[in-house]
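Participant: Using our numbering, you'd call the opening residue of the sequence shown number 1221 and step up by one each time.
Incorrect hints may have been included.
[Stated by the list, open to error] Just the calculated beta-carbon pair ranges, DEER-fashion:
#1 GLY1398 - ALA1238: 16 to 26 Å
#2 ALA1380 - PRO1276: 19 to 29 Å
#3 ALA1340 - ARG1244: 16 to 26 Å
#4 ALA1396 - ASP1364: 32 to 42 Å
#5 VAL1235 - ALA1347: 15 to 25 Å
#6 ARG1348 - ALA1246: 17 to 27 Å
#7 THR1266 - ASP1364: 37 to 47 Å
#8 THR1266 - HIS1359: 31 to 41 Å
#9 GLU1377 - ALA1263: 20 to 30 Å
Hints in this document: simulated from the structure, not taken from any laboratory.
In this text, a Cβ means the ideal position worked out from N, Cα and C, and glycines have one as well.
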Amino acid sequence: MPHMTTDHTAVPERVWPATTTGERQALEQWLEFHRATLAMKCAGLTDEQLRTVSVPPSELNLLGLVRHMAEVERGWFRKVLGGEETRWLYATDEDFDRDIHTTDGDTYEEAYATWQGEIAHARELAARHDLDDLGAGAHHRTGDLINLRWIYLHMIEEYARHNGHADLIRERIDGATGA
1221 MPHMTTDHTA VPERVWPATT TGERQALEQW LEFHRATLAM KCAGLTDEQL RTVSVPPSEL
1281 NLLGLVRHMA EVERGWFRKV LGGEETRWLY ATDEDFDRDI HTTDGDTYEE AYATWQGEIA
1341 HARELAARHD LDDLGAGAHH RTGDLINLRW IYLHMIEEYA RHNGHADLIR ERIDGATGA
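Go ahead and model the full structure; you've got the sequences and the hints to work with.
Facilitator: Okay, here's the thing in structure tokens:
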């Protein structure tokens, strides 16, 4: 029998961002909204369903998106903001996109726990900085230093884009649609 999601992977409450708040609160609320949206798109599915690819030849699947977002959280917050020297979670020299390339042995339980751990660490790191504070690490492509505001904006964009993918994948799996 396929593994079902369990209580410890329950969907976090998704709260619509306030409409009359300050900049930092708005950025944080939108990021939290999008984090919860991805969890919502995965809720109630088996590991097998979560590994269902969108449209071949694409290998994109919901489990891979969760793993990818764990890598993204790790990269922007640990590496760029915090300047931590840390390895990737899933990427290897042989397969840099290993986060997306899921196998029958990859589980939502592991991916969800890893993703939530990276989110918790990201929140801790961000809480120590003002929006204009530059990260201790540099952008991996340009070498530019980046402030927390840019990281928040990029993370919102990254989640929004992948949540659009998640909408289509979920609809393909079981017909579920919605915000």
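Participant: Does each hint fit the structure? Answer for all of them.
Facilitator: Verification of the supplied hints:
Hint check: GLY1398 to ALA1238, Cβ distance near 22 Å, so the stated range 16 to 26 Å holds. Range check, ALA1380 to PRO1276: Cβ separation about 25 Å, and the 19 to 29 Å hint holds. Restraint check, ALA1340 to ARG1244: a C-beta distance of roughly 19 Å satisfies the suggested window 16 to 26 Å. Our hint of 32 to 42 Å for ALA1396 and ASP1364 holds, since their Cβ atoms are close to 40 Å apart.
Range check, VAL1235 to ALA1347: Cβ separation about 18 Å, and the 15 to 25 Å hint holds. ARG1348 and ALA1246 have their C-beta atoms about 20 Å apart, which keeps the hinted 17 to 27 Å range intact. THR1266 and ASP1364 have their C-beta atoms about 42 Å apart, which keeps the hinted 37 to 47 Å range intact. Against the hinted window of 31 to 41 Å, the Cβ-Cβ separation of THR1266 and HIS1359 comes to about 38 Å, which satisfies the hint.
In this structure the hint that GLU1377 and ALA1263 lie 20 to 30 Å apart at CB holds, the actual value being about 23 Å.
The structure is consistent with each of the numbered hints, conforming to all of them.
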